[in-house]
Amino acid sequence: MYDPASALSGTEAVFAAHPDNTAVKALATLATDAKYDRAELTITVARESIIAACQAVQQAGYNFLEDVTAVDWYPSEPRFQITYHILSHSLKQRIRLVVRLDSEDPSIDSIVTVWPSANFYEREIFDLFGVHIGGHPNLRRIMMPEDWNGHPLRKDYPVEGYR
Amino acid sequence: MINPGIEDVIADAKRSHHGNDPAADQTMVINMGPQHPSTHGVLRLVLEIDGESVVSLAPDIGYLHTGIEKTCEAKFYQQVVPLTDRIDYLCPMTNNLAYCLAVEKLLGLEIPERAQYLRVLLNELTRIQSHLVWLGTHAMDIGALTVFLYCFREREDILRIFENVAGQRMMTSYFRIGGLSLEPPLDFYKQVQDFLNIMPDRIQQYENLLTGNPIWMNRLKGVGYLSPADAIALGVTGPPLRASGVDWDLRRDMPYSGYEKFQFKVPVSDVGDVWARYVVRMEEMHESVKIAQQALDGLPEGRIVADAPKIILPDREKMKTEMESLIHHFKIVTEGFAVPAGEVYQAVESPRGEMGYYVVSDGTAKPYRVHMRNPSFATLQALETMCKGRLLADVVAVIGSIDIVLGEIDR
Chain A
1 MYDPASALSG
11 TEAVFAAHPD
21 NTAVKALATL
31 ATDAKYDRAE
41 LTITVARESI
51 IAACQAVQQA
61 GYNFLEDVTA
71 VDWYPSEPRF
81 QITYHILSHS
91 LKQRIRLVVR
101 LDSEDPSIDS
111 IVTVWPSANF
121 YEREIFDLFG
131 VHIGGHPNLR
141 RIMMPEDWNG
151 HPLRKDYPVE
161 GYR
Chain B
1 MINPGIEDVI
11 ADAKRSHHGN
21 DPAADQTMVI
31 NMGPQHPSTH
41 GVLRLVLEID
51 GESVVSLAPD
61 IGYLHTGIEK
71 TCEAKFYQQV
81 VPLTDRIDYL
91 CPMTNNLAYC
101 LAVEKLLGLE
111 IPERAQYLRV
121 LLNELTRIQS
131 HLVWLGTHAM
141 DIGALTVFLY
151 CFREREDILR
161 IFENVAGQRM
171 MTSYFRIGGL
181 SLEPPLDFYK
191 QVQDFLNIMP
201 DRIQQYENLL
211 TGNPIWMNRL
221 KGVGYLSPAD
231 AIALGVTGPP
241 LRASGVDWDL
251 RRDMPYSGYE
261 KFQFKVPVSD
271 VGDVWARYVV
281 RMEEMHESVK
291 IAQQALDGLP
301 EGRIVADAPK
311 IILPDREKMK
321 TEMESLIHHF
331 KIVTEGFAVP
341 AGEVYQAVES
351 PRGEMGYYVV
361 SDGTAKPYRV
371 HMRNPSFATL
381 QALETMCKGR
391 LLADVVAVIG
401 SIDIVLGEID
411 R
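If you read the sequences in order, they're chains A and B.
Each residue of the first sequence is one higher than the one before, starting from 1 at the first, in this note's numbering.
Each residue of the second sequence is one higher than the one before, starting from 1 at the first, in this note's numbering.
If you are wondering where the hints come from, they were derived from the structure by calculation, not from laboratory data.
Quick reminder that beta carbons are idealized off the backbone N, C-alpha and C, glycines included.
Worth double-checking, as some hints may not be accurate.
What the hints assert, rightly or not - Calculated lysine-lysine pairs in the DSSO-like style (CA-CA distance at most 27 Å, straight line):
1) A:K155 - B:K75
2) B:K290 - A:K92
3) B:K221 - B:K75
4) B:K290 - B:K75
Said to hold, decoys possible - Distance windows between CB atoms, simulated:
5) B:L182 - A:D105: 50 to 60 Å
6) A:K92 - B:Y189: 30 to 40 Å
7) A:E160 - B:E110: 30 to 40 Å
8) A:P78 - B:T146: 52 to 62 Å
9) A:H132 - B:D50: 30 to 40 Å
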């Protein structure tokens, strides 16, 4: 069974335990928080540095963007967690980049200039979470109809919808 | 207005090509789908064409959006399993596996080897079944109707195996968090062995119908080229990625559910066209037969569920005779089981590519967030790159070759 004591959290603890990890080296200056849990590495970066962080890990060999998604931690703050899963074909490793956003200004820069595949994923976040993606080439709803009210995957949106 | 989005899509298709100059307005915008037989479901494409060649292409999706990710948040962990079947309805077992592995990782459960082998066996049968649907419909789009009938003959055999083992042909929901729902019936092994005996010959039959066929070759060769760099940049996974020359298969490179114990080749081609994807998938079917045979031969004895009474429902017999089992049963059914807080991402190689489940737990009995990374969703983004500058008729061949399932794109 899973032992919660096995998880490492905090930049210093994680970076000390995994000094040779390529992603740890690449993000040494950009990371604001880190976590190593269930053999998965999570690195938190500031909203302003997401493009720089993506470029840094891409140059370090993490060549494939698997997934971009969001989690809504309503009503706690910072409310939105944008999660990027990035894979390295050569290292056979995966990292998770996380950016946390306040509900005051839920917006983040698009990473389509680094990985064009982020296009649909970011549209999905815009559509279902209502997070504005700055610099996106085609920021429109993707799943819901254009005239839909609200963002269904937000936690304050009822599961049955508004009646 | 039926769909307010269409104006935007058309305006976008035009803007991207020639601005607002009416003199340059030489192209025509046409709509393909959502009720088009070769779009494999309800995909709608807005195409801008100049004569017969494609200038730009914009997919319009969301027609099958059912909000499965939202529904998952209102269910107990064990109640999510039947929902996962309905995401990619051509490979239900793969969805079950990805979700169960993710939750098992959150819980830190050890799965008995017998359950792992049966999971691998059923996943490879699912892969063959899914590839048979792809081959049949792809060939039918091109005009070779016969292959479809042969493919569905063997698919029926696999669906009978599924019915025997799970009680359902398509929406199997056979895997459970912590193992499998039932021990397979005794005639299951012979049924699988009979199928594996005939399958290599049957794949040869399809190849006899198609591989040397001049119409098939002319329609497929050199069409829909995708370079390895584009494939990675656009998030393409699975057979289309390997057909573009990137040697990557999660089963071999990041093994899960005991795949490291099996010997198999990963077919790769560096041609990158529709033909290469056909060749790669046909080879994959042969390899899947080999993996399934190894799983059947090496199937260990033992339990099919992990030893975790607070998570796995007890046997029916024990529930009626032992007080403790009855309590566990009551607790699991009425209030679920709590999963330690945390987040995991578990990826498996589905017939279409990388299928990843991102599950976030807040320590309660219901998942806080379940997100599916589906291969078709990303692969669809590469469609424009593959079709641009090619003939309109080639779009049909390319859609067939990327093997998308709209259920998993829209979720």
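Open item on the list: Does the beta carbon distance between A:H132 and B:D50 stay inside 30 to 40 Å, or does it fall outside?
Closed with: Once the Cβ atoms are compared, 35 Å apart, the range 30 to 40 Å for B:D50 and A:H132 holds.
Open item on the list: Between the alpha carbons of B:K221 and B:K75, is the straight-line distance 27 Å or under?
Closed with: violated, 47 Å
Open item on the list: If I claimed the Cβ atoms of A:E160 and B:E110 lie 30 to 40 Å apart, would that claim hold in this structure?
Closed with: Holds - the Cβ-Cβ distance for A:E160 and B:E110, about 38 Å, lies within 30 to 40 Å.
Task: Whether the CB-CB distance between B:L182 and A:D105 falls inside 50 to 60 Å - done: With a Cβ separation near 52 Å, B:L182 and A:D105 satisfy 50 to 60 Å, so the hint holds.
Open item on the list: Need the status of pair B:K290, A:K92: alpha-carbon distance at most 27 Å?
Closed with: Given pair B:K290, A:K92 holds - Cα atoms ~25 Å apart, limit 27 Å.
Open item on the list: Can you confirm whether the C-alpha distance between A:K155 and B:K75 stays at or below 27 Å?
Closed with: holds, 14 Å
Task: Whether the CB-CB distance between A:P78 and B:T146 falls inside 52 to 62 Å - done: Given a distance of about 59 Å, which is inside 52 to 62 Å, the answer is holds.
TODO: Kindly confirm whether 30 to 40 Å is satisfied by the beta carbon distance between A:K92 and B:Y189.
DONE: Holds: the Cβ-Cβ distance is about 34 Å, inside 30 to 40 Å.
Open item on the list: Checking one constraint from the list: CA of B:K290 to CA of B:K75, max 27 Å. Satisfied?
Closed with: violated, 38 Å
In this structure, the hints that do not hold are numbers 3, 4, in rising order.
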